[in-house]
Amino acid sequence: MYNSQKAIYFTGAICFVITFFGFLNFFPDKVLYPDRGEDYCIIFYKNRFWWISEKGFLLHTASIDDIVKQAFITDVNVNSLIVDANDVNIIQRIEDVLKNPYIAEIKLSNKSAILLKGVVLYFNEWDDLIRHSSKLEKLLKTMEPRTEYFLSSSGLVYKIRGGGGEEK
Numbered sequence: 173m174y175n176s177q178k179a180i181y182f183t184g185a186i187c188f189v190i191t192f193f194g195f196l197n198f199f200p201d202k203v204l205y206p207d208r209g210e211d212y213c214i215i216f217y218k219n220r221f222w223w224i225s226e227k228g229f230l231l232h233t234a235s236i237d238d239i240v241k242q243a244f245i246t247d248v249n250v251n252s253l254i255v256d257a258n259d260v261n262i263i264q265r266i267e268d269v270l271k272n273p274y275i276a277e278i279k280l281s282n283k284s285a286i287l288l289k290g291v292v293l294y295f296n297e298w299d300d301l302i303r304h305s306s307k308l309e310k311l312l313k314t315m316e317p318r319t320e321y322f323l324s325s326s327g328l329v330y331k332i333r334g335g336g337g338e339e340k
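For the sequence shown, this note's numbering begins at 173 and goes up steadily by one.
The hints are simulated quantities; they were obtained by calculation from the structure and are not laboratory data.
For every residue, glycine included, the Cβ atom is placed at its ideal position computed from N, Cα and C.
Keep in mind that the hints are not guaranteed to be accurate.
[Unchecked claim] List time: in silico BS3-like cross-link candidates among lysine-lysine, alpha-carbon distance up to 25 Å: (1) K227 - K310; (2) K310 - K218; (3) K271 - K310; (4) K310 - K279; (5) K289 - K227.
[As the list claims (entries may be wrong)] Pairwise CB distance ranges, derived in the manner of DEER restraints: (6) A257 - R333: 29 to 37 Å; (7) C187 - S235: 34 to 42 Å; (8) C187 - G209: 52 to 60 Å; (9) K313 - S281: 49 to 57 Å; (10) S281 - K331: 35 to 43 Å; (11) K307 - K279: 13 to 21 Å; (12) F188 - D238: 37 to 45 Å.
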């Protein structure tokens, strides 16, 4: 036999759950989350591109349009959705380099930058990249695709490994 009292309780519980979760969406973000800042730069973490704040908080995923507009950073240490303080300091130092249109990616772990045409540029110190990033446009014209280079502290570029396969 059909028990209408159970059906009413079940329907009421479902309506309560839907209303409760729908009500949570009306809270402003400031109530639910601390002030995390505005979009600062893009990192690659757990197979996604994320916008982070200047303080290192992961904010939201980046769109394809955002990724194309500026360089992104890989090999970033993230704990509890916050970028490691040492990595944040490095990111703040290379802020102007990230806006360079000839740099596609910067790898923090091995101090390298991937430029257009698949060129990998290694360096010893972050200051080397910062000082000589203005020369990248001229250098990129003479660099071979898919080739590895080393940027010295004096601004000289040495070819480490050739790409090959361009003749095909």
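Against the structure, the hints come out as follows:
| no. | hint | verdict |
| --- | --- | --- |
| 1 | K227 - K310 | violated (34 Å) |
| 2 | K310 - K218 | violated (35 Å) |
| 3 | K271 - K310 | holds (17 Å) |
| 4 | K310 - K279 | holds (22 Å) |
| 5 | K289 - K227 | violated (32 Å) |
| 6 | A257 - R333: 29 to 37 Å | holds (34 Å) |
| 7 | C187 - S235: 34 to 42 Å | holds (36 Å) |
| 8 | C187 - G209: 52 to 60 Å | violated (38 Å) |
| 9 | K313 - S281: 49 to 57 Å | violated (29 Å) |
| 10 | S281 - K331: 35 to 43 Å | violated (23 Å) |
| 11 | K307 - K279: 13 to 21 Å | holds (20 Å) |
| 12 | F188 - D238: 37 to 45 Å | holds (39 Å) |
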